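Q: If you follow the hints, you should be able to join the two separate chains into one complex; please do so.
Protein chains in written order, with this note's numbering: chain A, -7 to 259; chain B, 232 to 363.
What the hints contain is simulated information worked out from the structure, not anything from laboratory work.
Remember, it's a predicted structure, so these values are computed and weren't measured experimentally.
Incorrect hints may appear among the rest.
So, partial list: chain A residues that the calculated Cβ filter (under 7 Å) puts toward chain B [what the hints assert, rightly or not]:
| id | residue |
| --- | --- |
| 1 | Tyr76 |
| 2 | Gln106 |
| 3 | Gly107 |
| 4 | Tyr193 |
Virtual Cβ for every residue (Gly too), placed ideally from N, Cα, C.
The residues making up each chain are set out below.
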Amino acid sequence: MFESNVGSMPIIDDRNFTDYLDPTVNGTSVRRGHKPRDYNKQPMGSLGGFAKGFDLRLIPRSDWPELIERKEREQSRLVDLCDYHGLTVLNQGRTNYCWINAPVHCLEIVRMVQGQNMVRLSPASVGTKIKNFQNRGGWGSEGLEYLVDHGCVPQEQWPPNAIDRKYDTPENDLYRDRYRVTEWYELQPRNFDQLATCLLYGMPVAVGYNWWGHEVTAMDLVQVRGGFGIIIDNSWGEGWENNGRGVLVESRGTPDDAVSPRVAVAS
Amino acid sequence: MPKPGWTDLIAVMLLVVVFSGGGGSGLPVSEPGLHVLIIEETEARSELGPGQFAIINSVPMSRFLDESCVEDGWRVWDKDTDVTREADFWQEAMKVNRSSVPWLIVWNGNRGASGSLPATVEATKTVIEKYK
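Chain B with its partners taken away, still in its complex shape (with noise of 0.2 Å):
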């Protein structure tokens, strides 16, 4: 893997910025608990960039996401899928606005952010993790 230059850093700081935490999310969700939910396009998967197919589908993530979440707290979803089965928070989670797919959902209780999914598995876990 090739070393974050400059630019990375730059974009993950950036990120931080449009992710912004703190008291109150505005999220409608706020389950106790990190919890991560990224909702995408499965007829779209050729308009992803290189970098977030991994964010979607890979071990190393995956393994990031059992570590830091509540215990079944995590899901990757296409925009269409019928969530009516699932806890009523996820289902209010699946009604975040969104402007574009893919989308990144996180919170932990009263604090959250939303919006475009990062390009890269390591930006999207800078995010997360400041909502440990």
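Chain A on its own, in the form it takes in the complex (with noise of 0.2 Å):
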């Protein structure tokens, strides 16, 4: 049976994912901040009824290990276009704002696949508008609504984990209509079969756990120890196991809550 070559990714699973969940990073204690999304006062396709639903025809399982073998030896994997392009992951710092870092880093993503010029984005600059400047938690779907609605601004511009009201200026603004998203897919919570799907037409997710209390981005399916997981982006920098990058097995993998950018603005 194919087995993904992962490297040295660390693979978290049902047996070791209490050791994940409050590492140190180059000694400092790291910060999460997913909150659950209350499905019952935001059902799908409420926020601001932006949301597109998910109408991908859906990939059968039988056909994921080619797929996933297939994409390996051509190198089409995000990951092998992330690590080519130079485009590493974020850093949240002490922040709580993994919930924002994750669908700022599928917009920087999907900026790369359509070819334009590599800018860091701020997540700073979406998370602390949406927070009223506050360092607090949040999930995947409100950040996405903002990157739609009014976009991001450049880490030259505004810093990356600066929740400061000085980088809030009409010249900032003006960036940000340059870095906004204008097509995407809302999944389906707990559905794993939509994320591998969104995954192996190379559309990057942002992926809330209530179990880890974390988002992250999903990059790539993979096939390891004979099941099927994902590559994961986390936002705790690039100290962060290999590279910021790990493996969650499918039944830690499977999200709360996942939106996936698919189209930005050409900037």
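A: This is the structure:
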């Protein structure tokens, strides 16, 4: 049976997941910040009526191994493309902004696939506006909604973790329209097949996990230990594990909240 | 990777004929230097041929485009991408008549062509190299 090459990435499963809840990275304990989305209060598609439901044809599980192997052989995985283009993971630092780091990283990846110039984007330029400059948790869908309606500011103009009103200027607002998501999918909660299909079609997914209290970016579907899993880009910086990457097996990687940006404004 | 057979070679030759070049491309763009625009429908990635996904989304193709095109000289856009903040020539290229997606537009100054995206990375490279 084919096994994906995941290098020295940790494989997080039901036996070892507690080891990854609150690790220290470079001597500092990490932050998380994902809050469970209340689907009763905010059902699918209700966030400003903005979210497009998932309507891709699901790829049957029987096809997954061949497609995983092919993408690895052809170097068409998102992790391969990020490595080639030098697009590294984000680092949320002392913020509780994992829930906006993941959608913003998805936007960076979509821009990379589109062939746009590499511009590192500031999660704080979005998170602060949603949380009124408080260092508070949230979930990816509310972050994506802001990226659709207003957009993001480059890190050059707004440092990635700066929760500071001095950056909230009319000049910086002019950048937002250039770094905006225009098409996306909202996935059904706890639906690994929809997540796998997006990944096999080369679409990054911001995935939130209630068990972890954390949101990360799902990059690629893999086959490990006889089952399926996902490679994640974690927003704990390159110092976490394998340059900020790890693998969640299906039981740990099935998301409670998931959104997949797929088209960005060209700029 | 399987070695190309006669059918692949014939397909490449047909593509070269379809992507006719020479003087005057008939395209509304004439920006100097090699430029490549691939237009897709992200909602229809399930309809891409098995070799076409690697054209849109792979390291070998990205490397080839980086090495072949002028700096910042290639794009892969959804057909509905908002391109109004891009240079005029990209916006003009996006207006080229297309009968389907995915679609390939290649130009280098006054030479260029457009047509359906070939089925493989190698066939696509062959078309693009004609305009280097």
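Q: Which earlier hints turn out false for this structure, listed by number in ascending order?
A: none
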